[in-house]
Structure formats: structure tokens, C-alpha cells
Amino acid sequence: MLEILGFVEDIQKSLFLFLPEVFLVVSLILAILSDLFFKRLKFFNAYVALVGFFAAGISLFYIPKDQVGFLNSFVVDNFSIFIKLIILLTNVIIILMSFNSKELTHNKLSLGEFYTFLIGMTFGMFLVTGSLNLILIYLAVETMSISSYILAGYTKEIKRSSEASLKYVIFGAVSSGLMIYGISLLFGLTGSLNIVEINKILQTSPIPSLAFFISIILILMGFAYKISAVPFHFWTPDVYEGAPITITAYLSVASKVAGFAVLIRFVRSTLVAETSAQQEIWTLISSIDWTFVISILSFLSMTVGNIIALWQNNLKRLLAYSSIAHAGYILMGVAVMNQTGVASVLIYSFIYMIMNLGAFICAMLIANEINSEDINDIEGLGYRAPVLSAIFSIFLFSLIGLPPTAGFIAKFYVFSAVIDAGLIWLAVAGVVNSVISLYYYVKIMRNMFIRGIEVEKEPITFPALNLVVIFLLSIFTLVFGIYFSPIINWANFSANIFVK
Amino acid sequence: MGIGLTHYLVLSAILFGLGLFAIITRKNAVLVLIGVELVLNSANINFVAFSKFNKLNIDGHIAALFVIMLAAIEVAVALAIVLNIYQNYKHINVDEVDTLKE
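Going line by line, the protein sequences match chains A and B.
One gets the working numbering by counting positions in the first sequence from 1 and adding 603 to each.
One gets the working numbering by counting positions in the second sequence from 1 and adding 451 to each.
In short, the hints are calculated from the structure, not lab data.
Note that CB positions come from ideal geometry on N, CA and C, so glycine has one too.
Among the hints, erroneous ones may be present.
What the hints assert, rightly or not - Pulled a few chain A residues facing chain B out of the computed Cβ check, cut under 10 Å:
#, residue
1, Ala-755
2, Glu-766
3, Tyr-771
Isolated chain A, as found in the complex (with noise of 0.2 Å):
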């Protein structure tokens, strides 16, 4: 009876953690109901999910932090917090996207599936960051997984969108089936589910390295594929060039950051001495490198992305190597595994997220225009629409990580970072990545700029709310290249995560 009682204290007391969620379910419900009675209103659960955003976002500032919930398998610290606010600031950008996304919205009565299915998987997203529990963690990836696999078919007439949805799944499928057997493994070895409780648990007793090893390979795997790192990112180009432009720049961010909150938070809960202080380079329990392991699967990432883009002329197709490349660059934070690191992943991300959105936000303003994603076919653009262009150039710059912008100083913390920890190889792999980055992202530029000039068109214009969101969003970017030790010190205050 007593145990009872504690375990309805313990839940009442959950609740209150779990308030940013509980909003989003809130909102979920109300969405699909409004999806039956409000059919005849194109946006009308848009409106929907953006107040359940809001609302959700304006509650994580007063929730209790640094405690657990629900039998110790949740968890609320800054950096599930930086993490969320992140997802939900993608969520906004994505809904402003999406009023004028003509895939989305040509043919289709009402886009209230949409948003529906935009809201579940944020849900997911955010019991990612926070969960503590192998079998919460399984749960919570599926959650937004396969509210991804519907969203990247969700114009379902079209052909390589179903095709794109079909490669998910199948790959989505897998990857968590290789995943819930390294769980299985690592439940047979330790005896427990929770992530804490089996840190514990490695500390004293001696296990078998070997089947040890498999298992936390298998797991990590489930994890590089949501962060499509090489080589489990197979799934990437081809998903990311069928799927509706605004799903696949919601899965280039979103689903990647809440990838890397999960394997952060993997890491450092269950294969780092409890020990080992914050600011000094974590100690690893087993014998096994950890780090060795994540750097090389950065260095895969940063060059296979990298180098298969030089080839790609499909704009979608080109944003998406460059995107398994920057997931190399924020792994190099990862496998730094230390505060620094950690902090260096948040302010990577943030504005990862910033000049990404930007970017797939013009790609889809001159697909909505010129009906061709092919990079061939916006020769003279510059000239045609010049606001436009010279905006695409500042985040492409940003991608680059040339100086005025902010992402050099996402890149330059990622460096730092990874050199202060002495891995000088994987800095100088970064770096010269960086620098076979400039060749396609300057080909896009000279494409717009320089070639086609001699051909007469007709200037294009553009929605006037998706220019101010792009050039609200290329003014951050220049902003926080100059001004930036806000998101700094922001981040450096999140990076501590909170081990019980």
C-alpha cells in the first residue's frame, strides 16, 4: 500500500516535468479533432499547433530543472531545455514554411494531417531529450520516426515522395531493429534498463568486453541513423531529395538535433565514470575507446558527405551531403566527450539550425518559382530576384563557415574544442573539409551570379512573409558571426548535463 502511495506521489510529482509535454498532447488532440470538424480550412490546425508550440515553449522556463521523473526513467536539465527550444524554433520556421509551399499545398484540401502528424513527432522528439530508460529512449525514437516515414510520403501522388518514404521506412525499420537487439544484449548483461542504474552497475562488476562492445555498437547505430552519419546514412540523399522540401528541412534539423541530445546523453550517462569532473576530458569505464569510435565516424561523415557533393546537381540532393557533413562536424564535439564538447554541440546546432532553415527555405522559394530543383537552372537568378540571391549567399557562406557569418564561430568552438582534447588529426580533417565544402557551395553562387547573365527574363517575386522569415533568419546569422557571446554563454550554461 505504501509502495503505492509513493508511486502516485512520484507521478503527481512527474507531472510537473512533463508540462511542455502534456501541452503538445493537448494540442495534438485538439488538432485531430479540428481536423474533423474544420476540414474546410486549409491552415487552420497550423494555428493549432503553433499555439501548442508556444505554449509549450513559455512553459519549459518554469519547470522544476535538474530532477527526475516517472521512476527515475525522465529527466529535466538545461540541456533537454537548449535542446527543445531548438525543435520548437524549427517547428515555427517549418509551419511559416509551409503556407507557402506549393507541393504542400496544390492539390490538397485541407493540410491538417500535416500538422497533426508535425506535433506527434515533436512529442517524440522531446521525450528524447529527456529519457533515461533504454526502453523510454526505443519508444521515444520510434515516436518520431514514424511520424517522419508519413511526413516524407505525405504527397503521396507523387511518385519519388512515396519512393522517399518507402527507403525510410525500410531503413527506419532496421536500423531500430538492430537497435532493440543491442538493448536486449546490454539488459542481458547489466540487469537493468535504466541508463544511470547500469552505469552503476558496469562500475563494479566486471562484464564481458566483447558482447559489451556489440551491444553499445548496436545502439549507437540506431543513433547514427537518426543523425545520418556515415556509413548509416544511405537513407539520407535519397529521402531527403523526394520528401516534401519542408519535411526535408525539418528532418535536417530537428530529427538530427534530437539524435545527437540522445547520444550525448547516451554517452555520457551510461560509458563515463561518475567521477570524472565536468570540465576535464570524461573517463571512460570499460576499456573500449569511445572516442576513437565516434571520431572515426565523424571523419567518415565529414568527408563521404563532403566529397559525394561535389558530384550532386540537384539542389535538395546537394543540401542533404551537406548535411551528413555537418553531422560529421557536430560528431567532432561529441567524441571530444567533455563540457566543452558538449557546449560546443549546442552552439553548433543553434546555428546549424538558423543558416540550414535559411537555406532550404530559399532552395524552396526558387523551386516554388522556376519549378526545377536542378542547380543548372538558376543561372541569372541574381539578376532576376537579387534580394533573394544575395540572402541564399549569406547562408551559404554560413555553411562554409567563412569569417562575417556565424558559422565560423560554430565551427571555430567545434575546432577548439577538439583541440584542447589534443584529436589535432580530426581538426585538421575538419578543416580540410571545410575547404572542399567551398567548391560546391561557391558553384550554387556562381551559377546565380555569374553564368546566364547574357539571357533577358523576367525579374521573380516572392511571398513577402517567407522574405521576412529569410531575412530575419540571414540577419541572426550575420548578428551572432559579430555579436555572439550570448548564445556562448547560454550554451556553456546548458552544457551541464545532469547525472543523478
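We have chain A already, so just place chain B on it with the hints.
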């Protein structure tokens, strides 16, 4: 000699290998999904066997229930997507669904 933990682990490893084999070699999308089911069920056998033989707790049984539930959801969504592929391509051969260039 009774049936011990090792027997269950070998069984699940064989199922896991067969599942992966089916995923890699089959061309029909439905058969690939059946391969995924084999992988998920091998994890289930692991969970339940570990829970039974190590006298641990009921965590393993609960985990198995969650995996069964999620497998059902995943298959529901995946079959809907395969149906959509059939409407667009008139076949469900994974290898021939390649309009997106490599």
C-alpha cells in the same frame, strides 16, 4: 540436460541472422518487412530469456510487450506506405523503386 539460457540466446542469434539475411536478399517489400519482424522477435526472446534466467525483475517482460506493440505500429505504417508504392509503381519490388538517382 535442461534448456538453459544459452539455448535461448543461440535461438535468438539465429533468428537475428535469418532476419538480417532476409532484409538483405529479399526484393519484395513485404518480405523485407517480415525480416524486420524476425529481428524484433529475436530481441524479444532475449528480453524474456534474460528476465527468466537471471531472476532479475519484470523489466524484460515489459520491454517485450513494448516491442510487440511498436512492431505492430511500425508494420501498420510500413504496409500503408507499401500500398502507396503499389498504386504509384504497380509493383512492390524494392530494387526497382529507383527513380531517385544514386
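List of violated hint numbers, smallest to largest: none
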